[in-house]
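All chains, please: the whole structure from these sequences, using the hints.
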Amino acid sequence: MQPIELSAYILHKREYRETSYLVDAFSAEMGKVSFIAKGVRSSKHNLKSLLQPFQPLTLRLQGRHELKNLQDCEANGAALHLQDKALFSGLYLNELLNRLLQVDCAMEQVFSDYHHGLQQLSQQQAIEPILRLFEFSLLIELGYGLSFEQDMAHGENIDPQSFYQWQDDQGFVRMAGISQHKNCFVGAHLLAIAKEDWSTAVLASAKKISRLVLQPLLGRKPLKSRELFIQGVNL
Amino acid sequence: MRFSPLITELIDAFKCLPGVGQKSAQRMAFQLLERNRDGALTLSKALHNAMEHVQHCSQCRTFTETHLCDICGNGKRQQSRLLCVVESPQDLHAIEQTAEFKGRYFVLMGHLSPIDGIGPTDLGLDDFNLLLKGGEIDEVILATNPTVEGEATAHYIAQMCSANNVAASRIAHGVPFGGELEYIDGNTLTHAFSGRKTL
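Protein sequence lines, in the order shown, are assigned to chains G and X. The letter at position 44 of the first sequence is residue 43 when you use numbering that gives the first Met the number 0, and the numbering goes up by one with no holes. The letter at position 108 of the second sequence is residue 107 when you use numbering that gives the first Met the number 0, and the numbering goes up by one with no holes.
Hints were generated in silico from the structure; no laboratory data involved. Do not take every clue at face value.
Unchecked claim - Short, incomplete list of chain G residues facing chain X, as computed with Cβ under 8 Å:
hint	residue
1	48
2	83
3	94
4	224
Stated by the list, open to error - Quick list of the computed label-pair ranges, beta carbon to beta carbon:
hint	chain 1	residue 1	chain 2	residue 2	range
5	X	15	G	75	38 to 44 Å
6	X	62	G	62	36 to 42 Å
7	X	121	G	115	28 to 34 Å
8	X	121	G	105	34 to 40 Å
Each residue gets a CB set at the ideal place from its N, CA and C atoms; glycine is no exception.
Structure (structure tokens):
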């Protein structure tokens, strides 16, 4: 059987048996893919330094089942060197992908956004916009129609002056009257997110939106990297 | 054919060892029964003693059967104001073998790994913070593994140190001694270049 060739990033790996790893990777062609890297942990193996997160890879995998075998892997460019908060943010993206990605479902757009996001993180650019854009692009690709420009329920464009509420099955819905409550957003912020026109207030709204929308997908188990990030910032 | 209950129990017990499945467990059980009963009894006693008595050192978290491990109990080393942070007792042992480092240790027993759900408290970093606040440490040497998780852990601890005004340094990584550049992987070489020293 011909090996499959994939462009991928490692999300996570666990030790398996004496000298092997059980690896979860994110590939452009197949979404999340799991494989066994045999013998890689032994002291003489050269692939150890390649099978790390944030290293663009070309993987050659073999096997018919969901759990493949690693035949070979090559670097597909230099490893992205993340530091400080950017490193914790990168771990957050990995945890998010590991939780939300589906097996065997091509995700080329998310993959290129991930690659782009990591590059920006490695260049020490402002972290929050990178994370928000990636979260929104992931949600859209996963099929959660996230539209910052239209109110689907009323079939109209978002109005900068009105207030909108997020509803899981309908998206942003204009609220009757002008009463505000904690999960409502002003139209101007939604439009600013669509245009990637970030200000502190817009970023705060974007963060709230991403939490709200991700919450039902992530379930009860909180993201550990988020905790880590917050603790790291508070030190 | 099924084995007798005691033999089955023994085989199942062997299977808790890493890398040991049904077949190897069976081989071990019969080897001991047939040829080495004394060795097996010694093994069972050693296992029992170790499992009953070995715990974490109250100061550095490495394995020991006493309240303080040898290094933490050594007055001379306790006076050192250097502290080395490692991921596992094996790492501590490797550094001890070099006889290069004369300070104290702190063993994390792992590294930060959000996907596995391992956070700072699981690594005993609360205790570590108290140690830093105690004011007995001048410099912390971060000897976590050169992996992404190891880096994240080192970075997190470095932040704790700077919050407590303690210097933190990271061990160098690069070309192994006696190695040949030709055979070294690209990532290691990149690190070696970015961490170069002026002579």
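Going through the hints against the structure:
no. : hint                      : verdict
1   : 48                        : holds (4 Å)
2   : 83                        : holds (6 Å)
3   : 94                        : holds (5 Å)
4   : 224                       : holds (4 Å)
5   : 15/X x 75/G: 38 to 44 Å   : holds (40 Å)
6   : 62/X x 62/G: 36 to 42 Å   : holds (39 Å)
7   : 121/X x 115/G: 28 to 34 Å : holds (33 Å)
8   : 121/X x 105/G: 34 to 40 Å : holds (36 Å)
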